[in-house]
Amino acid sequence: MKAVLPLDDAAADLATVGGKGASLARLTRAGLPVPRGFHVTTDAYRSFVAGFRDEILRAAASGLPERIPGLFAAHDLPAGLAAEIQAAYAALGPDVPVAVRSSATAEDLPGMSFAGQQDTYLNVRGDGLLDAVRRCWASLWNARAIAYRDRNGVPHDDVALAVVVQELVDADAAGVMFTADPVSGARDRIVINASWGLGESVVGGHVTPDTVVVSGGAVVEARTGDKTVMTVRTAGGTEERPVPAGLRGAPVLDDAQAVELARVGARVQELYGTPMDIEWTCRDGAFALVQARPVTALEPPAEEWNDSLKGDHLWSAGNLGEAIPGVMTPLTWSFVRVFIGEAMSSSTLPGVDLVGNIGGRFYMNLSAVYTIAGAAGMRSRIGAIEQVFGKLPPGLDVPLVDLTRLQVIRRVTPVAVRMLRRVRRHAKGLHAFLATARQTFEDVRGHVAVAGSAPELAELCERELLPYLVTASRMLEAAGRQGGSTLVLTRDRLRRLVGDIDAEAMLTGVNGDGELASLGPVMGLARLSRGEITRDEFARAYGHRGPHEFEVSIPRPAEDPAWIDAQLAGLRDITAGTEALLERQRRAREEAWARFARRHPRKEARMRARVRRWNAVVRDREQARSEVVRAFWALRAFAVRAGELTSRGDDVFHLYVEELLALLRGDAGVLEKVPARRAAYERYAALPPYPTLIVGRFDPVRWAADPDRRPDLYDARGSRVPVSDTVTGFPGAPGVVEGVARVISGPEEGERLKPGEILVTTLTNVGWTPLFPRAAAVVTDLGAPLSHASIVARELGIPAVVGTGNATMRVRDGDLIRVDGERGTVESLG
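Residue numbering for the sequence shown follows our numbering, beginning at 1 and increasing consecutively.
Warning: the hint list may mix true and false statements.
[To be verified] Derived EDC-like pairs (lysine to aspartate or glutamate); straight-line CA-CA distance at most 20 Å:
id, residue 1, residue 2
1, Lys2, Asp95
2, Lys603, Asp500
3, Lys673, Glu303
4, Lys603, Glu583
5, Lys754, Glu590
6, Lys754, Asp667
7, Lys754, Glu658
8, Lys673, Asp188
9, Lys310, Asp402
10, Lys603, Asp492
11, Lys673, Asp651
12, Lys673, Asp650
13, Lys310, Asp715
14, Lys310, Asp188
15, Lys310, Glu240
16, Lys603, Glu579
Simulated from the structure, these hints should not be mistaken for laboratory data.
Using the sequences and the hints given, assemble the complete structure.
Pasting the structure below:
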């Protein structure tokens, strides 16, 4: 029997010296700074308890752990065992103070640390050592240790306890260090807690320690705690004493010491190959390690999705970000990138990303857009950009791409020429595509459903699905570009000629010559309620539209059997009102045209033709967008089928499309990426929506933890554009309404909006359309004159103010407010 082993002995493994002892032995052998000491092995424990082990187990099983310390106290250590322990202690030096720490075989295991379940005794000397060892052994059977083993399914008759005896460092300071952030899970952040005196005050939670974060070899965060007590050595052991007043608020470690300690932590992590929880001490500037265990409660490693790190750009969640409001799975993002590459090729500045994934959310790079506009001499038409992407806060300086005007023109000109050719070519087939798109979708989805094997499905994706997405995306580009500057300039010209109210009225009627896709669901429900179409026809026409219609991991509305009934129930009291709104707006439109004809008789015919062109472009663009969304439903069907054929279920949503195709063809290695991707998705999805505008490098986790965070703007440059005290935005649709504000975060809360109340929200998309007829007015943080909220509100004649940036910050649920859709203002009425 080996009763005692040197601290660095190669035989000091888990079974022999317990988890803590094995870890300290490993650290010592690696040359890391560990106080001198030795192990009292599990063999020694088993030898000591052999005569009364059955009594211990009976007491534990009977729920009477309080009897067990007496069993240990009643037995002396055998003379030979006591002599070996005393000899090892004497080798440390005369009357050396030591720490006597328990080290169980069921300790510091993967997923279970057992931290704090057994006892530790500090500042033990001479004759007190044997008694401290015996009390450590007894603590294996205290009530908390027994309960912890029961909860974790560890049999009591399998455990044994070793004891680590180490020279006690009379520490000036001590604490714990995590080599990965225990809160965020970030592997590039070492978090150090520090306090004065011995480490027990930190480990025991008796003080608020300093917290220092080291990343990239430098201190990146430091918070000084209010350290009220400290654990110190005394003649009889240790005790808690007040921290001297001059030290309570003083930092324990300076930056150089924190970085040095972090380097030691990094060595420990490298030794173990996993993030570590380390207890450390410091005496006269020298660090020592007294314990190291794997971090068991750490979130799994997560990928970082953050294109804001690529450069100092201005990113906006406006425009398409309204259609993709949530955190995207990797599969969705890979499809969105295909879509953007085909549908927005004209806005590309080669060498600069036009779109980005920031914490899983979709953003547009406005620095690229503004750089192109500046190089093309369009600075005077910034208002046209704002009509598409939304207004910027006054005083916000847009960082431009670091290219000369000539460099930009040389890069953009070939792209623009190719775009014009593409648009002309694809526009010729636009209406034929729209006429057959629904049947194409049915055919493609049907082929997906009958795919009999994974390789067959992969071939189908490349042969039909991806080309279908590419074609739909190109048609959307053609639909939006076919009118040239019609969408932007017609509205501005009308407003100059007749004013805002008549201009907005004259631009309505998009739904008159053919259905406007954004209004489709609510109009379709009215027709369904009158029996003009069947439930199946309604589902085929509108079942793909919803608040998260681009996200392929989320079921489409038509996949829910109860969806239609829920929609009908929600609109039962307002379906007639929808048509009344359209009729009211028709009369307002005719009256506005009559006034225009009286004021500008020679311009009426030409302007009517131009507005008809406006209406046709809007309709084509909205219908083409609807068919892109339908294509994404086909892609969802493909993903679901892929999960079935590979037996991987929703794992497939955490692969990029090229990886999913590889999996379908038998490459299971791509699945290694799923845990990190799933962890990233879950982390980002748990955060609040990020700011509408982001300038520079942005950390979603740190931003979310900031109590002073702003939902409208984040500027890494440190400039502080003030939050406006007033709520102003684009005049989305004219009219003045007073009423109760109902602040709603998503359409799933739609039942909270009562008829006649004012809808206030961050953004809207087609999934919100059924709520519009019951709203007296609409106010949004995001948006522009060509956004969903503006178009639908204008058609229904509902006053709207969009793109305010701060409405949900300034307006509280239940406030009485006045919305002026002509001036673009929102006022509190008290």
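Structure versus earlier hints, numbers of those that do not hold, lowest first = 1, 4, 5, 6, 7, 15 and 16
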